[in-house]
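S.K.: The lines below spell out each chain.
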Amino acid sequence: MLEKTKNIARQILEEKKASAVFGLMRNEWNIIQPHLFEDPAGLANLVLEPKWLLAKLAMRILRSSPENYKLAVICRGCDERALIELIKRNQIEKENLLTIGIACSQEQAAICLCDRPYPEKLDAGEKVSGVDPFQDERVRKFLIGNDKERMKRWADMLKRCIKCYGCRNSCPICICEPCKLEDDVWVQRGVVPAETITFHLIRAFHLSDTCVACGACQEACPVNIPLLYLQLGMRKTLREKYGYEAGLDPETKSPVLSSAFEKPDTDREFPDWINSLREEDES
Amino acid sequence: MNQPRILIFACKWCGFIGADAAGKKRISLPSRFRVIPMECASLVETDAILRALAGGIDGIAVLGCHIGGCRYNNANHTAIKRLELLQDLLDTTGIGSSRLLLSFGTAHEDYQFEEIIKNFFDELTLLPPLDPWL
Ligand code: SF4
Ligand code: SF4
Ligand code: SF4
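Protein sequences appear in the order of chains A and B. Position 18, counted from 1, in the first sequence is what our numbering calls 18; the numbers after and before it change by one each time, with no gaps. Adding 1000 to a residue's 1-based position in the second sequence gives its number in our numbering.
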């Protein structure tokens, strides 16, 4: 898989399809870091592990580059989905982005609780099947029980928060300037632990229909709060009610943005008289 | 136990008319609620709902027009979808979706408003307090 990725990257650079390939490099001190490969010779040091989301960095690079700068990003499934969500939000110009999609291993998918451990545009590696997060023992243990038990569990967990903003900063799609989490109107400033309902749930809900379940928030959290679990229920609802998943393609908009007639949910029925109203509307 | 506190966001074309009429008729209602008139239910910010819960409000009601009856280009559809998603998050965290009442096209009349508020009030009285979160 590594050799194949290197070949694709080399080809892209030699044919000048992109100004640079963005991936991970093992540097001279044996440390792995994100790197812009501009010279094909440098690709010798390219590596694919560990999991490292590059979408947000790629967005920053593209934003601060001249207009015709094209970037080829080596990305896993979640990274590709994040890039697509950023395209949808007009943060990345579609024309300026190429992807080299690589598949994740079964072990990685199990660690990430990932239901799609491969990009839609797969260039190197073999697809493995995803994991249903709701079948996972850790998730089940955390989310079962009645409201009272769940509330206690989350409250205990979220009280550990040291308000480092790591969850926000690491999320590839959390990009607003200014951020509501830094605004006193919404979240009390200068208190630790962060206000539970506002800080955590405002963040979680802003990502409701755009979270690609990459798990970066959770991995960044220094006190091990299972932040991904906050998103799972909403992702499930979007899939079951509207057949929607974030980040699969740049054209499909979130159902939350459209009228219920264009994108009805599967278990809501409209009475007949509403259809008659619709016809009047349209005529 | 203290009486629950309710915050109501009411679209001025339907829910607010019901609320107003209930007031004019002097219908007796639980006392601890406030109505905020909105131009449209779609303008109710989800963040404001969370802010209210954090501020000690026990339940929030969003009253909008019926599906198909919105004055603003079906904006209430997006409101329902968005708020239902928020209900999911409330369920995930154990706050419970029953603290967020969504009612569309059901509060045009004074007696309808009365019924909705009274029922909501009764339901909230039965819920465990939000204390661990505050
Ligand atoms: S979340 Fe999925 S796609 Fe991303 S690294 Fe984990 S297994 Fe791979
Ligand atoms: S899993 Fe976390 S970091 Fe990844 S998109 Fe969702 S909220 Fe953002
Ligand atoms: S990463 Fe964890 S500790 Fe840091 S702000 Fe987010 S939840 Fe709190």
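Treat the hints with care, as some may be off.
[Stated by the list, open to error] Below, in silico cross-link-like pairs of lysine-lysine (DSBU-like), each with a Cα-Cα straight-line distance of 30 Å or less:
#, chain 1, residue 1, chain 2, residue 2
1, A, LYS148, B, LYS1024
2, A, LYS152, A, LYS163
3, A, LYS148, A, LYS127
4, A, LYS263, A, LYS253
5, B, LYS1024, B, LYS1012
6, B, LYS1118, A, LYS152
7, A, LYS94, A, LYS253
8, A, LYS51, A, LYS16
9, B, LYS1012, A, LYS180
10, B, LYS1012, A, LYS263
11, A, LYS141, A, LYS263
12, A, LYS16, A, LYS70
Think of the hints as simulated: they come from the structure by calculation, not from any bench.
S.K.: Holds or violated: are the alpha carbons of A/LYS16 and A/LYS70 at most 30 Å from each other?
M.R.: holds (9 Å)
S.K.: A/LYS148 and B/LYS1024 were given as a pair; does the straight-line alpha-carbon distance stay at or below 30 Å?
M.R.: violated (39 Å)
S.K.: Hey, A/LYS152 versus A/LYS163, does the alpha-carbon distance stay inside 30 Å?
M.R.: holds (20 Å)
S.K.: Straight-line Cα separation of A/LYS141 and A/LYS263 no greater than 30 Å?
M.R.: This hinted pair is violated, its Cα atoms lying about 34 Å apart.
S.K.: Taken at face value, is the distance from the CA of A/LYS127 to the CA of A/LYS148 at most 30 Å?
M.R.: violated (40 Å)
S.K.: Would you mind confirming whether the straight-line C-alpha gap from A/LYS94 to A/LYS253 stays at or under 30 Å?
M.R.: Judged against 30 Å, a Cα distance of about 15 Å means the pair holds.
S.K.: Run the distance test for B/LYS1012 versus A/LYS180: straight-line Cα separation, threshold 30 Å.
M.R.: Holds: B/LYS1012 and A/LYS180 sit about 27 Å apart, inside 30 Å.
S.K.: Quickly compare the C-alpha distance for A/LYS263 and A/LYS253 to 30 Å and report which way the hint goes.
M.R.: Judged against 30 Å, a Cα distance of about 10 Å means the pair holds.
S.K.: For the pair supplied as a hint, A/LYS51 and A/LYS16, confirm whether the alpha-carbon distance does not exceed 30 Å.
M.R.: Answer holds: A/LYS51 to A/LYS16 is near 27 Å, not above 30 Å.
S.K.: Need the status of pair B/LYS1118, A/LYS152: alpha-carbon distance at most 30 Å?
M.R.: holds (28 Å)
S.K.: Would you check the hint for B/LYS1024 and B/LYS1012, treating anything up to 30 Å between C-alpha atoms as holding?
M.R.: holds (16 Å)
S.K.: Does A/LYS263 sit within 30 Å of B/LYS1012, going by the straight-line distance between their CA atoms?
M.R.: holds (26 Å)
The structure fails hints 1, 3 and 11 (numbered hints given earlier, in ascending order).
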